[in-house]
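*Asks:* The listed protein sequences correspond, in order, to chains A and B.
For the record, in the first sequence the residue sitting at position 237 is 237 according to our numbering, with numbers rising by one throughout.
For the record, in the second sequence the residue sitting at position 204 is 204 according to our numbering, with numbers rising by one throughout.
Accuracy of the hints is not assured; some may be wrong.
Unchecked claim - Only pairs whose alpha carbons sit at most 20 angstroms apart, straight line, appear in this in silico SDA-like list of lysine to any residue:
hint: 1; chain 1: B; residue 1: Lys229; chain 2: A; residue 2: Arg302
hint: 2; chain 1: B; residue 1: Lys229; chain 2: A; residue 2: Thr305
hint: 3; chain 1: B; residue 1: Lys229; chain 2: B; residue 2: Pro301
hint: 4; chain 1: B; residue 1: Lys229; chain 2: A; residue 2: Ser62
hint: 5; chain 1: B; residue 1: Lys229; chain 2: A; residue 2: Leu304
hint: 6; chain 1: B; residue 1: Lys229; chain 2: A; residue 2: Val338
hint: 7; chain 1: B; residue 1: Lys229; chain 2: A; residue 2: Pro4
hint: 8; chain 1: B; residue 1: Lys229; chain 2: A; residue 2: Trp301
hint: 9; chain 1: B; residue 1: Lys229; chain 2: B; residue 2: Gly245
Rather than coming from a laboratory, the hints here were simulated on the basis of the structure.
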Amino acid sequence: MPAPVALRVVCAAVGLLFAAPLGYLAWRSFTGDESLGELFTSDATLVPLRNTLVLATVTAASTAVVGTALAWLTTRTDLPLRRLWAVLAALPLVFPSFVGALALLAAVAPGGLLDGPLGWVGVTPSRPEGFAGAWMVLTLFTAPYVLLPVSARLLALPPSLEESARLLGRRPVAVFATVVWPQIRGAVGAGSLLVFLYALSDFGVVVLLRYDTLTRVIYTNRVLDRDRAVALSLLLALLALAVVAGERSLARRRPAVEAAGARRPLQVPLGRWRWPALALVVGWVAVALGGPLASLGLWAWRGLTGETSSLAAGGAGLGDLVEPAVNTVGIGLVTAVVAVAVLLPLAYLSARYRARSGDVATGLVATGFALPGLVVALAVVFWSVQLPEAWGLYQSFVMLVFAYVVHLGVQSLRAAQVAVGSVPRRLDESARMLGAGRTRRFVTIDLPLMLPGLAAGGGLVLLSTMKELPITLLTAPIGFETLATRIWADAEAVFLAEAALASIVLVALSGVLTWLVVVRRSDRLA
Amino acid sequence: MKGRHVVVGSLACLTLGATALAGCGSDEDRLVVYSGRTENLVGPLLEDFAEESGIGIDVRYDDSANLALLIDEEGDATPADVFISQSPGAVGYLDAAGRLEPLPDDVVDLVPEGDAADDNGWVGMSGRVRTLVYNTDLVDASELPDSVLDLTEPQFAGQVALAPTNGSFQDFVTVLRDQLGDDEAAAWLEGMAAGDPPTFSDNTAIVEAVGRGEVPMGLVNHYYAFRAKSEDPDLPLENHYFPDGDLGSTLLVTGASVVAGSDLEDEAHQLIEFLLGDQAQAFFSEETFEYPLVAGATVNPALPPFDEIAKTRVDLDELGGGLERTTEMIDESGLNR
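Next comes chain B alone, as it looks inside the complex (with noise of 0.2 angstroms):
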């Protein structure tokens, strides 16, 4: 929208009333993104591939979970083409409910098996890690656990933060109770519960209150940290991954998806094929500090090895009572009081 002069645009669709504003929409064949993943993360690869390929992009941006509800409200008549996700749990929902086109065995295959959903629905794009980001200067490393299941251990009482409401939480929490079942995952979040943990609202004031200094840890996924200490390098913060492959540090993937009734079809799946690519899969190593999916691409050498994080795959549709009861067993174990 660059240079376009909105605000006069908006002033003039308001006066000159309806018959006028079809025109002010997007054009037909330009291809509509729906990102949860934001701007700073994805947009300037967006901007290369409209480049390259010619095809026009019009992006839209907001929390993934709120954009899964938009495409589910909108039905057949979305105006989206392709959605990002920022967690599986939202593009999940989608698929789930038959929002989502398959998408063609050979664009699913670029990815290692389990990073894309079983019936093609999306795929995997970059991934973001678990992991226990702690303050240096309370913290001793020697004294961190191997397990995230030692947290509710009496010395980690009340010094973990926690974000019970925040997606990437109840994506790991669902993990648990995958690999675990649902008792062993209860009884690890009312241990956690037990302890009163400070908890916040998302994994950003997480990163920001442990820097701070105010809570000595937190359970965020490991590309805040990283961030973090971008904008100011001398915050006293690190990252703690679980070793061996611990479910502490779970790899949530963010997927890439084909809308069920897009009519650029052929335009969508190149651009996923873009964001697969060498150039793409770079930036997510280099820029966004992520795991890349694709095979041979390089990982970030501040992070630890593939083969050195949990390799969980979750099938969401056969986890017995649905994600509903994820949300239900937080709330249970008193985190949210």
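Here chain A stands alone, though its shape is the one from the complex (with noise of 0.2 angstroms):
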């Protein structure tokens, strides 16, 4: 069926915006002095991009499995206390990541928390660097954007066809492969190539574990050789289109997969397994989410403990933190509102109607993703400085939230393509025979068969938003503090034990928001 005229109107118009980044490098790199052949075909530019797509792939595959099996173990088993593992494993993509990698380093490098402990044990630790270490770190820390798209999928599942299978007496793993895993590949290929992105954006970790990629070389130049930096970011938006406009074609071509309306969720009893899955989940969330709490924990201790701290000395306290942590709180709710409205167009243009031209704004959507949220904000400046109609916007909020939504809205697409594709046409076609409108339809069917997935979505871009630095630094009105602008300022200038503060508050604000908006929220629907 071909797609309403309006609805493609709305997702050029979207498709347009999202290409702010992708203009603004294409015009400083064809006005720049840097020939971009010679670059793009020299060993500086290809050692570190093969360094990053190796990276960025491995990552996505590893966090397709972690992710996978978290959000199963979370949402359809019997595993013990599961509600809290789901919030808990979800949190790690809460850390900034320069303050997640250092917090993380500070547990296991030598010397480190855990260098006691495991010394009893005779191991000695050896600091993660390297491929190895900025996969490792990247996994841990990225995986919950595979576990909350999978979750929300699984819940949305009608619990009958597993059933059936069960009845028939196949094992849980059997059920899985032959009856879940056909459902929620979408959702898992949905969640990795987020995780793709990311690592392709990353700067924290990398530069941190010591692995040569392309975000390392944009950052080292970004002052000293400008139009090589403004380059290589052309290059690293080209290749995101590339890849996420190839995976939506791919998609095109696998059978709709739709089936949703859970009733209740199933439980899956996991039997002599219930223990050591229980084990496998604890220690993911104790290295991913403790690991780097308990490093944040000794840095507050030690403030508030210290005689010679600031923190003890009257410096910045828990009070000091709550207006950041307000803002954080809000500006966070209205970007992830904006994000899912703004994009659920091009879910349903890409999705339901499969329309060429939305597999092409979906990668324009997804180059903002994968590029470093300093190229984003500096991206929104000079179209503000270019477009007379924009200046009067200039380090506004709605500024602030466009530059977000840019930067994190594939987010909130990805999820809710998913969420799109799963609904059973048959139904809308049902309703629409018994006379429903478009909008009754939507309101009355689609939305609450959506809402899990739109809800994961969005509570992604919440998380996203809550931790980002570069373009709220850049682009916030003058004065405007979050949590992650505090937890930067105070690490940036060692004052350690104030940044731990902060941090701890961001997570601790993180989980429960994921708890209301994504994890109960579901359940419910569910």
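Starting from two chains that each stand alone, build the complex the way the hints lay out.
*Replies:* What follows is the structure, encoded as structure tokens:
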């Protein structure tokens, strides 16, 4: 069925907005001095490019495995305290990458917190670094990109299929492989694509763990050799565009999977695997969340009890964090809602009508996330200066939210595409034959079925916005402080106690919001 | 912004639409400062200035390099009146791009010659010295070298942490190029890289790693060990200052400048003069452990006297191959692999 013209027009406009970074980079590249052909074929580019691709691909694969396992265990089984683990497993996403990696290193590197206990059992820790280190740390911090959409999909899945398979005597693993996997494949793909894009853009982890990627080159040269930094950012954006557009055309060839409308969550008894499974989940949460939190806790404790620290000497305490905390939650919620609303039409165009133009627009939306936030921020500044109509909004909240949505919007888009694709068309068609209008069908049929998926996508945007740093620092209204900007400023000046306290508050707030927005909501809907 | 309901304001802005938004911006007559020094390191001074002068101040804090890029991108439309840079590289970039308004001679003359741009584009405010931070449990002070150039010797191979992507390391390499020539600077970089040294993202990460004993030593700016020890006095950390004006103890100045096109030039000059005044210079010396630059200001007794550190000043414009060559050389040395 062809897409309605109005929908196409809306999506074209959305695609145009998300082309802002790409347009900026193209303009700067072609007006700069750098010879693109020479740069893109030199070893100084190709080696980091290969590293980037390897890291992004392998991390996407490992998070697909871990994220899916965690999602299945915390939504579909009788794992003890599974709702608690569902929230905790999502939280490593909220560590701003520079402080999360720093704190994790302080826990697991030689001389770190775990050095003593590991020494008792005869293990000498070595510093995670290079490819293996960057891969491990990125996997720990980005698995929630898979976990949240897959959990949402699992919760929306009717349990009848699985129940029949189980009644036929299939073991849980066989049920998963033959019945569940085909239904969640789309969500796993969507989540690991986000991880792939994130790994393209990440700077904090790769530079601390010493792995030479394109973003490392971009950051190192951003002032000293600006033309090169811009040209390499363009390369990164084109890469994302190609990968995502390619993934979309592959997805279009797959048969549509339409099954949604679970009335109650199904529980698979794990039997004798219950405790090993619990150990696995607890172990994961302990390293990914507990590791960084332990270091942060130590830094904060040292600050609160130490005589010479500024925290004990009446520096910034919890009271001073109230305003940044309110700002963080407020701007995060606004951004999440705007992102979901702006990108839902595009999700319809590409997932329901399977329009080719939707693939291109999806690719454009993805470029914003594959680029470092700094580049997106500068692109928004560039267009604000170029377009007199936009200058009135310069450094306003509208501009800030716009920049956030351009950078992070793809997170809600991918989850929304999965959600739209899983609404059975026959329900919609029956309702149409019964005379229900488009709006009524959307509100009464599509929306309730899609809500867990939309909430998961919005939740990802929410958590990512709450930790976002470069865009906030460069484009927010002057004086607007978030927890992330506080953490950055304190860590930068080695006020580690203050940075740690703010990080702990950020994690705690994110936990509450993940519970309210994602886990509890989807449980109730399911 | 204290006490203002920012989020409520933001929601109001969002719902009221574009016309109302113009009113949500800052007032015309407030001085807008883009600061590469974080709030901990300059905020109290800016508040004092605002109170004493009656001039309202709005401050945007970020990394110096990112703010330099922002000002360059904003061009003539920039809201910024004053740019405070934590590193000579960022403010030098803007000066070369013609984005800074020359300062009056009487402001520039407050600091020694060489601590300001030749064209008066910016003036030095305070200084940080390059140093070798070491773990006192792992390293005997008597074994430490007298020159940073000796760190390429075999006994130091892999023992010294570096931050090759960091601005202050890049500035230091630029100084090496200026003083020794590109060949010798490249040889030093390759000598360091040959030992496969641990590398980190920035000074904070190096000092943290040296403090926990993961790495015995690291090349950083002197400020970080002081801060880390006030967080935890038990940390086995000390700075080793390369003696006799060695290049390893080069002074990197933080700078203040007026952004081209500012319509509050007088107020901007007042602020910069305040930052070079007694109160501010004492703040830099006592609170942030830095070298004050104005003649007559007292150096913190915990630091080596001013005449024992390197007086190297680099004319960035005259450096062959420009600053781009610095990052290329660091890349070519293999330190980033």
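*Asks:* Check each numbered hint from earlier against the structure, then list the numbers of those it violates in ascending order.
*Replies:* Numbers 4, 6, 7, 9, in rising order.
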